[in-house]
Amino acid sequence: MTTLLQQLANGLVLGALYGLVALGYTMVYGILQLINFAHGEVVMVGAFGALTAWYFMPAGLLGSWPVALAIGILVAMVTSVVVALTVERLAYRPLRHAPRLAPLISAIGMSFVLQEIVRIFYPINSDGELEPGVGAKSARAFRLDSFPEGQVTVGSVSVSYLGVIIVVVSVALMAGLQTFVLRSRTGRAMRATAQDPDTTRLMGIDTDRVVVITFALGAALAGVAGVFYGLYSGGVATDMGFLLGLKAFTAAVLGGIGNLSGAVLGGFVLGIVEALATQFIPGGSAYKDAFAFAVLILVLLFRPTGLLGEKVSTRA
Amino acid sequence: MSTPIDPTPAAGAAAEPVTPEVLDEDRRGIVGRAAARVDELVRPIARPLALAGAGLLALGSLAPWAQFRVVDPVSGEAYPGKQSLGTIPNGLSPLESGHRLYTLVLAVGVLALLLRGGKGRFGAVRAAATGAFVITWFNLFWPGYQDIPGGLAGQGGGLGAIAWGGWLAAVGSLVLLVAVRTLPPVRPAIRPRVLPFWADALLLVGSFALLLGGVVISLAIEEALLFLSFFGFVMSAAAVASRLGAGHVINAAADRRKWFALAGLALTAIVFPFTQGGESYWIRVMASVLVFAAVVLGLNIVIGLAGLLDLGYVAFFGIGAYVGALFSGAAASAIGITLPFPVVLVMGAVIAGTFGVLLGAPTLRLRGDYLAIVTLGFGEIFTKVVNNWDGLTNGPNGIPGIPQLNLLGQNFGDGFTIFGQQLPSFATYYFLELVVLAVFMVIFANLNHSRIGRAWVAIREDEVVAQAMGINTTRFKLMAFAIGATLAGAAGVVNAHLSTQVSPDSYVFNISILLVAAVVLGGMGTIAGSVLGSALLIVLPEKLRFFSDYRILIFGLALVLFMRFRPEGMIPSRRRRQEFHESEEPEENVVVHAGGV
Numbered sequence: 001m002t003t004l005l006q007q008l009a010n011g012l013v014l015g016a017l018y019g020l021v022a023l024g025y026t027m028v029y030g031i032l033q034l035i036n037f038a039h040g041e042v043v044m045v046g047a048f049g050a051l052t053a054w055y056f057m058p059a060g061l062l063g064s065w066p067v068a069l070a071i072g073i074l075v076a077m078v079t080s081v082v083v084a085l086t087v088e089r090l091a092y093r094p095l096r097h098a099p100r101l102a103p104l105i106s107a108i109g110m111s112f113v114l115q116e117i118v119r120i121f122y123p124i125n126s127d128g129e130l131e132p133g134v135g136a137k138s139a140r141a142f143r144l145d146s147f148p149e150g151q152v153t154v155g156s157v158s159v160s161y162l163g164v165i166i167v168v169v170s171v172a173l174m175a176g177l178q179t180f181v182l183r184s185r186t187g188r189a190m191r192a193t194a195q196d197p198d199t200t201r202l203m204g205i206d207t208d209r210v211v212v213i214t215f216a217l218g219a220a221l222a223g224v225a226g227v228f229y230g231l232y233s234g235g236v237a238t239d240m241g242f243l244l245g246l247k248a249f250t251a252a253v254l255g256g257i258g259n260l261s262g263a264v265l266g267g268f269v270l271g272i273v274e275a276l277a278t279q280f281i282p283g284g285s286a287y288k289d290a291f292a293f294a295v296l297i298l299v300l301l302f303r304p305t306g307l308l309g310e311k312v313s314t315r316a
Numbered sequence: 317m318s319t320p321i322d323p324t325p326a327a328g329a330a331a332e333p334v335t336p337e338v339l340d341e342d343r344r345g346i347v348g349r350a351a352a353r354v355d356e357l358v359r360p361i362a363r364p365l366a367l368a369g370a371g372l373l374a375l376g377s378l379a380p381w382a383q384f385r386v387v388d389p390v391s392g393e394a395y396p397g398k399q400s401l402g403t404i405p406n407g408l409s410p411l412e413s414g415h416r417l418y419t420l421v422l423a424v425g426v427l428a429l430l431l432r433g434g435k436g437r438f439g440a441v442r443a444a445a446t447g448a449f450v451i452t453w454f455n456l457f458w459p460g461y462q463d464i465p466g467g468l469a470g471q472g473g474g475l476g477a478i479a480w481g482g483w484l485a486a487v488g489s490l491v492l493l494v495a496v497r498t499l500p501p502v503r504p505a506i507r508p509r510v511l512p513f514w515a516d517a518l519l520l521v522g523s524f525a526l527l528l529g530g531v532v533i534s535l536a537i538e539e540a541l542l543f544l545s546f547f548g549f550v551m552s553a554a555a556v557a558s559r560l561g562a563g564h565v566i567n568a569a570a571d572r573r574k575w576f577a578l579a580g581l582a583l584t585a586i587v588f589p590f591t592q593g594g595e596s597y598w599i600r601v602m603a604s605v606l607v608f609a610a611v612v613l614g615l616n617i618v619i620g621l622a623g624l625l626d627l628g629y630v631a632f633f634g635i636g637a638y639v640g641a642l643f644s645g646a647a648a649s650a651i652g653i654t655l656p657f658p659v660v661l662v663m664g665a666v667i668a669g670t671f672g673v674l675l676g677a678p679t680l681r682l683r684g685d686y687l688a689i690v691t692l693g694f695g696e697i698f699t700k701v702v703n704n705w706d707g708l709t710n711g712p713n714g715i716p717g718i719p720q721l722n723l724l725g726q727n728f729g730d731g732f733t734i735f736g737q738q739l740p741s742f743a744t745y746y747f748l749e750l751v752v753l754a755v756f757m758v759i760f761a762n763l764n765h766s767r768i769g770r771a772w773v774a775i776r777e778d779e780v781v782a783q784a785m786g787i788n789t790t791r792f793k794l795m796a797f798a799i800g801a802t803l804a805g806a807a808g809v810v811n812a813h814l815s816t817q818v819s820p821d822s823y824v825f826n827i828s829i830l831l832v833a834a835v836v837l838g839g840m841g842t843i844a845g846s847v848l849g850s851a852l853l854i855v856l857p858e859k860l861r862f863f864s865d866y867r868i869l870i871f872g873l874a875l876v877l878f879m880r881f882r883p884e885g886m887i888p889s890r891r892r893r894q895e896f897h898e899s900e901e902p903e904e905n906v907v908v909h910a911g912g913v
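Residue numbers (the working numbering), protein chains in the order written: chain A, 1 to 316; chain B, 317 to 913.
In case anyone wonders, no lab produced these hints; they're calculated from the structure.
Computed from a predicted model, the values in this text were never measured in an experiment.
Wrong hints could be hidden among the right ones.
Sample of chain B residues at the chain A side, in silico, Cβ under 7 Å [as the list claims (entries may be wrong)]:
id: 1; residue: 506
id: 2; residue: 510
id: 3; residue: 673
id: 4; residue: 674
id: 5; residue: 677
id: 6; residue: 678
id: 7; residue: 868
id: 8; residue: 873
id: 9; residue: 876
id: 10; residue: 879
C-beta atoms are modelled at their ideal positions from N, C-alpha and C, and glycine is treated no differently.
All chains should be built: construct the whole structure from the sequences, respecting the hints.
Listed below in structure tokens is the structure:
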């Protein structure tokens with residue numbers, strides 16, 4: 001029983017991360033019917049952005065972990081947003097009216113390009129020194145030394161401080177996004193564009209700008225997720241975005257694609273399922289990545305619109 | 317009767333011509349407006365300017381490009397020696413004369429086409445001009461990067477290394493390109509006449525000879541930059557020929573003399589190993605190309621014909637390979653039974669096909685994007701299972717030591733002698749795969765021109781309408797999926813013997829994407845496209861070893877750029893090209909000359 005609860009707690013932390021990334025996927029798919037394959041790499045770029053920020057930060061600032069963490073997250077968000085908007089401008093916008101296959105292939109291509117650019121050109125080597133041309137060919141340690149080690153224990157369940165922060169911040173951000181989309185004018189524009197882009201344009205709303213904002217919001221969350229994921233696993237590598245992105249998209253589909261609450265729910269469900277399966281299915285940990293896809297296939301078999309129903313416009 | 321609306325502007329208002337370019341969405345930025353301004357200046361003098369540019373380029377190609385000789389420290393060869401033309405007495409063969417010959421030929425071609433008069437050939441002129449510009453500027457100014465060797469300026473120590481001929485060529489090619497951009501991309505309308513047999517035969521034999529020659533020469537060129545220049549030249553020449561209508565003429569001839577064309581093509585492929593002079597390296601590479609092309613053809617059925625995006629296709633290939641390995645009698649195989657090759661071939665195909673049906677049945681009812689993700693997931697599951705199921709697949713170590721095929725008394729690992737010619741070791745695999753590929757091609761062509769193929773076209777273009785017409789879309793999609801999986805499985809069995817070992821690393825997601833790229837970049841729905849795509853994606857990395865670290869980056873960029881500028885691929889089927897450019901205006905670029913071509 002205790003292991004069950006413990007794994008539930010672990011699953012919550014993992015789920016929070018999946019949810020953050022899933023929101024980006026679901027928003028973009030809701031508006032453009034495009035699986036943004038490069039979103040996982042946006043997460044990775046955010047993490048590397050934070051790594052760079054911490055490299056340049058004076059030791060005094062690094063010593064105070066709330067400040068360092070906040071700055072790292074901020075830089076990660078900025079990096080992710082810049083990259084995501086560049087990708088949107090170069091690889092997706094020109095293909096807005098092309099048949100489905102073209103933007104999809106373009107997205108896959110951009111995913112490779114981003115991975116390789118960081119792998120080949122990232123200028124800080126594994127000793128933490130500036131060395132242009134070294135590239136991030138191997139994984140990098142990703143830690144805040146001043147971060148408190150320790151756990152919060154409730155009953156028989158203990159979660160690390162990091163885990164608590166992850167869940168709290170993620171939930172706050174997700175709630176913030178929900179509020180923004182439901183209450184603000186831009187949010188209304190986003191929902192309108194997701195529902196029917198042509199009519200929205202007739203109403204005088206600049207759908208291109210809405211798309212940019214959507215990408216930016218998703219990317220900002222992705223940047224945060226990158227920092228947290230890096231801290232949680234202790235390291236960042238150029239291929240960390242691939243699997244994370246895939247599972248996050250699975251979470252988005254699980255909850256109902258296009259549906260923001262669905263993405264959050266799907267993220268948590270997936271995280272919990274993965275944690276439980278790893279613990280309770282014999283030999284499970286080797287196959288833990290495969291579980292996400294098994295879940296996906298099952299969901300698509302029995303409830304293709306997802307747990308909370310999908311919200312996608314029909315692309316003419 | 318109401319007065320008609322008077323379209324003329326009010327008196328006193330300036331009559332401003334609203335040129336389409338001003339309203340063109342792509343040209344509203346700074347760069348776009350500058351480009352539009354340049355085009356306005358150039359357009360009235362386009363033709364003479366182009367002639368001048370081509371003339372300068374031709375003159376420049378004949379004049380020396382390098383100020384002094386640079387000796388390559390590794391090979392000991394003098395670099396500008398390769399800058400010479402074959403005609404300049406230097407003891408160098410035309411193969412080594414390199415890019416100046418190519419730019420000269422392209423410049424002369426442009427002159428000839430422009431001086432012939434009429435607008436009909438501007439499309440070809442544009443292709444030639446672009447090719448000439450790229451070859452010239454790349455070879456002059458490319459600075460080199462890390463271990464990639466530089467062009468003349470890069471290796472010669474800077475711009476001072478370029479002699480007056482080089483500068484002339486640089487200026488000429490730039491002027492030519494700018495001038496040519498304002499010419500409309502028109503091509504002549506070809507009304508192919510029915511030619512007698514000897515003319516058709518000559519045409520076909522000539523094309524095959526050019527094809528074989530081009531391939532053999534490309535493979536023989538060793539220096540990377542020279543290869544790139546030759547490759548660029550071949551691509552430009554092909555573009556020029558196709559925009560002059562050569563493609564239509566040859567296709568018409570091939571359609572008229574089907575058996576002759578097929579026999580000629582087969583003969584060309586068969587002759588290739590004999591051109592290698594006993595060296596097995598490129599035969600081995602070509603054998604891999606053929607296996608890859610077979611798999612790509614299978615995927616082309618799924619993506620190109622039926623329009624289903626499969627991102628985990630490598631799993632079926634891997635299933636076939638592992639089946640082949642397990643029953644081959646390798647020492648590391650967990651299944652001790654050894655079965656004869658034809659049996660294993662069928663088994664691999666059937667098992668892979670079964671998995672295809674199992675995967676497809678539940679997921680093909682869903683929308684296309686979900687299929688992509690599910691197939692991706694399946695590919696990942698396959699990799700994980702193979703990596704972890706030590707009992708059956710030997711885990712990460714794979715199954716090494718697969719014995720060579722031994723069919724018809726011939727051990728496929730050794731070379732053999734035929735017609736007095738000694739063929740090196742992989743030639744037998746090459747021929748076997750040629751047979752396999754030929755069978756796949758027959759299957760592809762038959763499917764394409766059948767009721768099934770037409771159903772796929774209908775499903776691809778508008779699934780709802782297809783269903784309304786009474787087509788059971790799920791059944792046809794499943795058929796495509798299953799056939800694709802079966803073909804991949806069969807190819808996998810062959811591949812197991814060719815590479816003598818199977819391991820999980822050879823059947824990963826990256827290979828799936830490589831397969832998709834070969835289909836998409838080569839051209840969807842055509843056999844030639846698949847073969848070309850596979851050949852390029854396998855041979856180019858081999859040839860350009862210098863770029864090996866940047867391979868995936870270049871690959872990703874190629875995907876993005878192709879989707880932006882030519883999403884239908886290099887050799888698309890006509891229908892596919894129309895599907896991709898549906899939202900654009902129809903091309904106003906066919907000029908029909910009165911009285912024939």
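Here is what the structure says about each hint:
no.	hint	result
1	506	29 Å, violated
2	510	37 Å, violated
3	673	15 Å, violated
4	674	11 Å, violated
5	677	10 Å, violated
6	678	5 Å, holds
7	868	5 Å, holds
8	873	6 Å, holds
9	876	4 Å, holds
10	879	4 Å, holds
Hints 1, 2, 3, 4 and 5, counting from the list given before, are not met by this structure.
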